[in-house]
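Number of protein chains: 4
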Amino acid sequence: MSFNSFGNLLKLTTFGESHGTAIGGIIDGFPAGVKLDLDAVQEELNRRKPGQSKIVTQRKEPDTVEFLSGIFEGISTGTSIGFIIKNTNQKSKDYNHNTDVYRPSHADYTYDQKYGLRDFRGGGRSSARETANWVVAGALAKQLVSSIKINAFTSSVGDIFIDKPYQELDFKKTENNIVRCPDENSAEKMISKIKEIRKAGDTIGGTITCIAQNMPIGLGEPIFNKLHAELGKAMLSINAVKGFEFGSGFCGARMKGSEHNDIFNADGSTQSNLSGGIQGGISNGMDIYFRVAFKPVATIMSNQQTINSKGEETEIVGKGRHDPCVVPRAVPIVEAMTALVLADFYLLNKTRKA
Amino acid sequence: MSFNSFGNLLKLTTFGESHGTAIGGIIDGFPAGVKLDLDAVQEELNRRKPGQSKIVTQRKEPDTVEFLSGIFEGISTGTSIGFIIKNTNQKSKDYNHNTDVYRPSHADYTYDQKYGLRDFRGGGRSSARETANWVVAGALAKQLVSSIKINAFTSSVGDIFIDKPYQELDFKKTENNIVRCPDENSAEKMISKIKEIRKAGDTIGGTITCIAQNMPIGLGEPIFNKLHAELGKAMLSINAVKGFEFGSGFCGARMKGSEHNDIFNADGSTQSNLSGGIQGGISNGMDIYFRVAFKPVATIMSNQQTINSKGEETEIVGKGRHDPCVVPRAVPIVEAMTALVLADFYLLNKTRKA
Amino acid sequence: MSFNSFGNLLKLTTFGESHGTAIGGIIDGFPAGVKLDLDAVQEELNRRKPGQSKIVTQRKEPDTVEFLSGIFEGISTGTSIGFIIKNTNQKSKDYNHNTDVYRPSHADYTYDQKYGLRDFRGGGRSSARETANWVVAGALAKQLVSSIKINAFTSSVGDIFIDKPYQELDFKKTENNIVRCPDENSAEKMISKIKEIRKAGDTIGGTITCIAQNMPIGLGEPIFNKLHAELGKAMLSINAVKGFEFGSGFCGARMKGSEHNDIFNADGSTQSNLSGGIQGGISNGMDIYFRVAFKPVATIMSNQQTINSKGEETEIVGKGRHDPCVVPRAVPIVEAMTALVLADFYLLNKTRKA
Amino acid sequence: MSFNSFGNLLKLTTFGESHGTAIGGIIDGFPAGVKLDLDAVQEELNRRKPGQSKIVTQRKEPDTVEFLSGIFEGISTGTSIGFIIKNTNQKSKDYNHNTDVYRPSHADYTYDQKYGLRDFRGGGRSSARETANWVVAGALAKQLVSSIKINAFTSSVGDIFIDKPYQELDFKKTENNIVRCPDENSAEKMISKIKEIRKAGDTIGGTITCIAQNMPIGLGEPIFNKLHAELGKAMLSINAVKGFEFGSGFCGARMKGSEHNDIFNADGSTQSNLSGGIQGGISNGMDIYFRVAFKPVATIMSNQQTINSKGEETEIVGKGRHDPCVVPRAVPIVEAMTALVLADFYLLNKTRKA
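As given, the protein sequences belong to chains X, U, R and W, one line each in that order. Start counting the first sequence at 1; every next residue gets the next number (full-length UniProt numbering). Start counting the second sequence at 1; every next residue gets the next number (full-length UniProt numbering). Start counting the third sequence at 1; every next residue gets the next number (full-length UniProt numbering). Start counting the fourth sequence at 1; every next residue gets the next number (full-length UniProt numbering).
These are calculated hints, taken from the structure and not from any lab test. A hint or two may mislead.
Any copy will do: because identical chains look the same in the list, a pair fits if it lies in one copy or spans two.
[Said to hold, decoys possible] With a cut-off of at most 25 Å between alpha-carbon atoms, the simulated PhoX-like pairs for lysine-lysine come out as follows:
{"#": "1", "residue 1": "Lys-350", "residue 2": "Lys-195"}
{"#": "2", "residue 1": "Lys-199", "residue 2": "Lys-54"}
{"#": "3", "residue 1": "Lys-173", "residue 2": "Lys-193"}
{"#": "4", "residue 1": "Lys-60", "residue 2": "Lys-164"}
{"#": "5", "residue 1": "Lys-310", "residue 2": "Lys-350"}
Since the model is a prediction, treat every value here as computed from it, not as a measurement.
Could you put together the complete structure from these sequences and hints?
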């Protein structure tokens, strides 16, 4: 029973409030003997960090990870890996006006109801700042299952969707633009849309698609730890996520069996892949693909009617430095959580045959 | 680490193959002193059992649950509750022709690859027969959190959708028709559709919507055990599920923050409920609602090209007794898993304040 | 969080009351592809069963295990292994006089206080009958780590101790006598002692020593899952156990470092083995040995003053069929729990190097 | 599955090597709303820290704990509590001569065998420095179950034992002397003994006894999470521990049932307490008492023959700053682990009745 842990054999446990001294975590179960590229970890953090472009929050936070244990002379030792990321730019004053006020569609009210108190500075524990911890752990997990190619990208912003199948995309282009969309044409429209939304003091939702390629066969446990169930849980853990679908997804619910079945080739691969690379909860070696829905960020720059902790009606004034669209910064988070799930099942699978 | 367990404080562990002697499970952590209605458990099983109507598989299986421990004179004792459901109608012969053949979009291939062997009779462990165990546990969980009203129903079959918000539906009507749709007009169309599909030897997908009302505030742990993440994992564990969304879901990804935010009333309730009753992973007392996508059943009555375990091409002939649409029988499964998640968090929440 | 589970990767979950329909369990995480000797499992159960000799309880219970899943054509399939042992000889009448009475040094009082009620027939869940489940799981675990030789034996009854180091004993002789002591001379004295105690309507304590030989190096996780800590927890889980020591044990607490250190040979083995085969929580390849203390059985045949659930003073009359000394029947239980611990760590160790 | 975690609902996860930047941990599941005395936490650390007296290691390390999250304005918030303790006095040079050499009865050899490499500086992860983390968590746990009085003390050093029952001791005197023995006469002899041993460059073992008074009834889960089994596991997790016994312990194995049974008083208390406050794995309200055996510290100041990682014979020269007897500094560790176990079961018990 762990409220702040993710994973089974490879387990991440985290701590940290948005405006405390530091956030951080412990990665348990990472095997010994892996030569680690710690610069690559920092690069992943940089993909997530605030202030990186015009279409994300202008908060400046270096987000530098410090590893405190479990790595010796660049190699994992098999002991627990502790790390922290110091909070350096906590403008608590930006938030002081919200101390007692419940921001609509934030977690202020539910935290207060559940715990009887809360660290209200910047959302405290409910802040998406927590996901920086996940990116650190995911970046190490990626190195553990480095043969698998994990690529996430922005597949829609509001009503702007990429209109191509993922097979026609070049994932090398994802980092070429600030919205992290590998389709240049769509990327341009998305960026314009976010700028327009931002100017209006509003926010907008979007989706991220993630593809895992070069998959080993056999990952996933077939009853309650189905590969897609763990991926779904991982994605639904990310702040602002409202939905998850894999393979044919919600479209599959409108199809007939004769259309939906993936016919085998002689080598065990399948002609179509509506299954999304998973059959019976276990990877079959085909590409895994899934889509994640993000709601628009709740913090907007217009005034909103609300209540405070005494149940008094009040107005909340739009201030602070927030993201007009969470999706571009969430791309590395989706990849990180995918890597954690796959690495966990990879380790587990070593124990399933005698 | 448990491959066949679900839940934390309230934990279900299961066993059983489709054509073995029996399936069953152990419910651990059920509190002492709950007066149990065991007939109500059997009634839930009856909602799920095969052969109950013209639009489900015609297999006959009484699915009688026997409780072996943990209940004394009708009251839970706080010790583990063991139960079994005997398999009485295993027509293994129906499946013998499939021994060595990989059925398309089934788990035969992945089991063989993962484990090196499999109990091939009727899908073995991968059979949805396993979910009878879940219904038993869920029926007990419902009694533990009996103040919460959990109602699932068929919200679409193929392209036939209920076109009303759930607030306009009368859940008492769900059991009035064999497709378990509380909207009579839609129900009729859905039943016709399934009959037509069945006649064609095909299968069809659909969706189930589930509503939890009269929710206590504060259920859910806000980082990796978010209420909606556990619900998502639970739903994605059900055979044939391809997607999960709650509250505004995938539609939310197309909205603006100014449209999406739920403005508070003075009593802490909200004017709209796009959040789906959950903020920051914690229930806020509003209705929880979510939608689950089911693919069409993979077993169809036409011949399909496939391979066997030696990699030889062969043809699979459609035979056996299978469901043309899984959705009507999955309604009690969705409710059961919802009850398990809510009961687990209900127990957990007793420990979160000093 | 599981109150009725033991183990991590290899996990046993159990249920069952002494006088219910059946007891049983689920073994999760057992790898696929192990050819199993199920007769050997039953033989282990026979070593534990009541009525096997003059110095144990004369209750007759066949204790036949039925496997319900997870084994196909004699080979483990990697899915969960469910099993039950039916209760056939529940003379509930023997216990009816105790319904409301708290037996001294039994768990009646604490169960009632903790849960508010209890199944009082034969001790209900607190009965050592539960350990039959453990023997089943341990017998399978033995087959998983069959290269390790696990031998437990009775090392003392009351004040009668084997006065030889274990290296001088021939474990093949353990089963030659009914007290399970491989030293014939001591065995004879122990048997006489137990017969004498039994005649007096009394009971007596004893110790069991267990040796694991041909150990692989590297089992055990060095912080909170130290090999000896898990062994200790396993032994302290057995009914009536009051103490556990390994290697030099309590004697080691009287020694000096210069006497206690185990000096290495060139091949990594050690000249002495006061460490008991474990250094820093990890097996070093030397023999593991430990000793377990069992108190005298609390049920005696004399009348004892006590109270009932209303707090009224009453007298309990010695009746029923109980063991004068628990140790002979506990030998297979100690071996079973040792096997479970070692098999769990064996699987886990497959994941600790990249 | 967590190799560096302890506890269930209240869970401590730790990291850190002896000579890394810092050690630390995350406490998960601590309930919200507890007013915390953080000075009291530091005081517990001071009881454990090196350099505190003449009879412990002369290493100087301030061992200052920094809390990073989970506490807001002095009150626990219900979110995870992260903390670190910086390593300030890592004289790695003292250890450099041991890089490649396996110290007898240390964990050097087993770590190398298990992981293929190790951080050899000061024992790395196997150093008892780790237990500073446990003292931090235990000090918070004590505040959670503050009504329970937990008192540990040195009950023997080598052959010098306190010759009084614990009921005759005044625990307020434990901190009056540097060996932490509440019996002044014995304390004096123990201190002399340790000084003598130290002078000889040797080390010596000892025992710690721990008493938990004012116990609530009902703590402990009766099958695999028996209260004494968890206490045993906790104690056996402490470096250098070789044995654990509670209540009558190993003496109980020599007794008869008629002597050993604890007869009830009308109020449910018992006349004797050979059970040690636990019946059937559940606390009965009587004092819990147990005894823990510590071997002599393996690092001695004489030269010892040994091998290095290449299997070459070599000699290890006694150097460094080590404890002649681990027991005085282990007293707060025993209390801390006891508090963690009791607090965990206290939380758990809130969920066991409907």
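Against the structure, the hints:
1. Lys-350 x Lys-195: Classified as neither: same-chain Cα gap 48 Å, cross-chain 45 Å, threshold 25 Å.
2. Lys-199 x Lys-54: Only inside one copy: Lys-199 and Lys-54 sit 11 Å apart there, 58 Å across copies, limit 25 Å.
3. Lys-173 x Lys-193: Answer is within; shortest intra-copy Cα gap is 20 Å, inter-copy 45 Å.
4. Lys-60 x Lys-164: neither (35 Å within a copy, 46 Å between copies)
5. Lys-310 x Lys-350: between (54 Å within a copy, 24 Å between copies)
In this structure, the hints that do not hold are numbers 1 and 4, in rising order.
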